[in-house]
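Participant: Protein sequences appear in the order of chains A and B.
Counted from 1, the first sequence has number 177 at position 163 by the numbering used here; the numbering is strictly sequential.
Counted from 1, the second sequence has number 140 at position 125 by the numbering used here; the numbering is strictly sequential.
The set of hints was computed from the structure by calculation and includes no laboratory data.
Among the hints, erroneous ones may be present.
Think about it this way: if two alpha-carbon atoms lie no more than 20 Å apart in a straight line, the pair counts; the simulated SDA-like pairs of lysine to any residue are [stated by the list, open to error]:
1. K192(B) <-> Y120(A)
2. K135(B) <-> Y120(A)
3. K159(B) <-> Y67(A)
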Amino acid sequence: MTKMKKVTYSQAICEAINEEMARDKNVLILGEDVGILGGNFKTAVGLYEKYGYLRVKDTPISENSFLGMSLGMAITGLRPIVEIMFTDFLLLAADQLLNQISKIRYMSGGQVKVPLTVRTTIGAGRSSAAQHSQSLHAIMCHVPGLKVIVPSSAADAKGLLKTAIREDNPVVFIEHKMEYNQEYEIPEREYTIPFGKANVLREGRDITVIATSNLALKAVKAAEELAKEGIDMEVIDPRTLVPLDRETLIASIKKTGKVFLADEGYERCNIVAEIMMDLIPDIFYYLDNPPERLCLPNVPLPFSPALEFPLIPDQEKLYKRIKKILKS
Amino acid sequence: MKENKIKFKKIDDYKLSKDTLLEMYFTMVKIRDFESAITDVYSRGLMNGLAHLYTGEEAIATGVCANITSRDYAVSTHRGHGHLIAQGADLKKMMAEVLGRKDGYCKGKGGSMHIMDAEKGILGANGIVGAGIPIATGAAYSAKYRGTDQVVVSFFGDAASNQGTFHESINMAAAWKLPVVYVCENNLFGISVDLRKITGNPNIADRAFGYGIPGVTVDGNDILEVYRVTQGAFVRARKGEGPTLIECKTYRQKGHHIGDPGNIYRLKEELEAWKKRDPIKTFKVRLIEEKFAIEEELRNLEEEARQLVKTAVQFAEDSPFPEPEEAFEDLFYEMEGAKE
């Protein structure tokens, strides 16, 4: 048995960064408030004190340029980790992320490697309104040249982040901000988790639920409720969107004959639409129900909790939707 | 009306060897010939896409890069051929890239706007105005981080100075005393838009004051002045004293790209006045008048440059086009043992 310990999601992220910085002197972290404050979400606590101002760099609020700087670092021997507080803010750095970082290796005919990790956050539920709550990971998946990681649990976040930092390609690593204070069990020993391997969180016979980020964990809880009513749900967390573990998803859908997808991004052009379209040729004749999805409705996120929470995909909504499919 | 002769300082004042001076002349001529060859291959239908010519601005790349050592870095722009040649890029691989061939620097994936020679520290031309400035600044951070004495040159135009990256990057470089030399090639026009109509103060170097760093305006058509000013900035950067903003006043002798005659938005008189101050022709006169070279020596160099460019064009024309399936290569670096 693997020996486990209890940490918060924030601590797991922090451990991954700390271990990788200790392992490789070329790893550094930069971004807004990663220094003295220890990260806006407490994901860099103690790093500034341990590694100093050159390796733990507080930046001005200049997302496009400090992300662009990290590209200059990555192609000259360093291995930067950049923290962009919210995917909403990543839009300010869209040129550097989507035109430069994702393409420089390709445009140069493979002359350079880009070992660069961009950490950012998604998720609504903090009454932060329309510019601090979006889940824009689908945009990162749309443009070729980036690996896109959406971990659910703290254990996955730690293992996948360590892999991201060791990766010689640009990675967008997307943390869910509602998870940071949650406690989880993670292995005591050092470990990494490879990209491109989905995680079957719960095995079941009746329906395959593919859910991203922390919706995967919520789906497991919904499954426990549904089990009491005789519904046996399989829950799969893809963990990495680029690359996508198609085989695991296909095998599951072939087994259950039904598929439901959940993601916290806006419904229109949601990444699950792409996943489904990608899988359809392999699963079409195994399906006995049309695929359905639960996403954020196509409106900006409102401020008032009275308006916000009814929109956010959650355990309760998953429960109702899946029950409806299986009981009809 | 009698023409006023342009006043230059004496070449002697710069304390440069004859070899260095002739090397500078040779580099400028190579750039001019390369751009002429681009016009030629374009008119012969051999080149696709956009060709932004450096003609008339040769003194800047050459004067700046005369200070660059093999361990330094530079980041270029969409108008980048001159920067690359001045840093010693291979003309054959450049021309092959411009023609979209397999033997080009980027195997035909980048073209004129994305030529890179990573081994030589040329961290790439760029298709987005102002996008190279943070990349250069990051390379400078890297140099400082790794404890080297490397310097990074960031080339950009007057138009890029109105991008956010200009402000954001120089601000950070100044705060952290990064070893970077910002070289603004102010040719007065962003495609058709006159800088003097879109900026309250068209003297870009004045902005340095706001960042607390030195800002110098220099005649971008006088190679020796460009060289001198840049040398000071290099010394400052290598000593760890931080960045310098150098504004080189110059003028495009051609349009924004081949296909733009450049005559709708610019006055003929202005172009003619700048052509009289052509960086190559004026330097040639000075070299001869001040007895650093005789005409024949310079003609020999001109012939040598012509031959090099001719060879490059032939090499490019002989190089095969890439196979269609090569479009799927070079996206991700394939890591060893990546699959567990």
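Participant: Are the Cα positions of K192(B) and Y120(A) separated by 20 Å at most?
Facilitator: violated, 32 Å
Participant: Check whether the Cα positions of K159(B) and Y67(A) lie no farther apart than 20 Å.
Facilitator: OK: K159(B) and Y67(A) at ~12 Å, within 20 Å.
Participant: Compare the distance between the alpha carbons of K135(B) and Y120(A) with 20 Å, and conclude whether the hinted pair is satisfied.
Facilitator: Given pair K135(B), Y120(A) holds - Cα atoms ~18 Å apart, limit 20 Å.
Taken one by one, the earlier hints fail for this structure only at number 1.
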